[in-house]
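Engineer: Sequence:
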Amino acid sequence: MADRGLRQPRRGRRGGPGQLSSRTVLVTGGTSGIGYETARQLAERGATVLVHGRTTEEAQAATDRLVATAGIQTAQLHPYGADFSHLVEVETLARSVVSVRPHLDVLVNNAGMAAPEWHTVTADGNEIAFQVNFLAHYLLTCLLEPALTSDPGGRVVNVSSALHRTASIQWSDPNRARNYSRLAAYAQSQLALTVFAADPRVTAVSVHPGVCDTALLALYAHEGVSPAEGAAHVVRLCDPAVEIVNGAYYDRDARIAPAPAATEDRTVKRLNKLADLLVGRSA
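According to our numbering, the sequence shown is numbered sequentially starting from 2.
Incorrect hints may appear among the rest.
Below, simulated SDA-like cross-link-like pairs (lysine to any residue); rule was C-alpha separation at most 25 Å, straight line [said to hold, decoys possible]:
no.	residue 1	residue 2
1	Lys274	Val68
2	Lys270	Ser151
3	Lys274	Gln77
4	Lys274	Thr56
The following label-pair restraints were derived from C-beta to C-beta distances [what the hints assert, rightly or not]:
no.	residue 1	residue 2	range
5	Arg179	Glu58	20 to 28 Å
6	Leu278	Asp84	34 to 42 Å
7	Trp172	Ala229	36 to 44 Å
Just so you know, these hints were derived from the structure itself, not from any lab. No experiment lies behind these values; they were computed from the predicted model shown. Positions of the beta carbon are idealized from the N, C-alpha and C atoms, including for glycine.
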């Protein structure tokens with residue numbers, strides 16, 4: 002088992018707290034909930050924000066709303082569309098971003114969905130929550146690795162969930178075709194996203210932003226804090242003034258130990274091998 006606490010923090014690029022004017026950040030699922038509030042707070046602090054939505058139209062509507070209601074400069078916001086239930090669209094998104102942004106400071110892997118009541122498989126052959134919540138982000142991160150590592154300080158922030166602690170990855174049946182439960186499928190996707198933060202290729206952390214009043218609230222409780230409050234914990238980790246340790250897990254603003262599986266190098270390697278297979282990447 003790897004001891005993440007012994008690793009030296011990786012320092013970000015220069016910049017004080019509250020000043021993100023030199024940062025370019027891609028926020029997936031940036032059209033509503035925590036993602037929208039993350040995009041807003043980053044832009045208010047001066048960052049250039051690439052706002053991802055399921056369609057370009059939804060992303061454009063979100064950026065228009067941010068300009069109209071938050072007073073953000075149009076030049077700071079750039080809409081991108083990609084339906085994560087189609088991996089080819091993830092690949093197109095990555096190509097579009099890299100063609101314009103050969104350097105990317107932060108990738109916020111936030112887009113997510115509740116697993117449906119009935120077992121649902123995408124056109125790519127994957128259980129839909131596992132693909133949208135994890136596999137699409139795995140693929141996007143791999144494809145954006147050159148942009149994230151083109152300059153010291155690039156980082157990935159995975160918006161995960163405390164429910165990852167209840168999960169196990171069904172290695173022989175990751176699509177849960179034999180024994181489907183929507184809560185178990187969702188939790189598995191969050192565990193995979195948390196494990197993926199320990200991948201050594203890109204500096205990454207995962208964060209549980211708290212129980213927030215979003216479309217996913219029903220999975221957790223009857224009430225939650227505002228999406229803006231949850232987003233603040235995500236934005237903090239995008240700040241280069243906040244030093245991070247690769248693979249660290251945060252519950253809001255407190256760094257704590259994740260589920261034991263998320264600290265095992267063997268699990269990280271096994272998950273990468275599985276994900277490469279499911280997204281069609283060669284090992």
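Engineer: When the hints from earlier in the document are held up against this structure, which numbers fail?
Structural biologist: 1, 3, 4, 5 and 6
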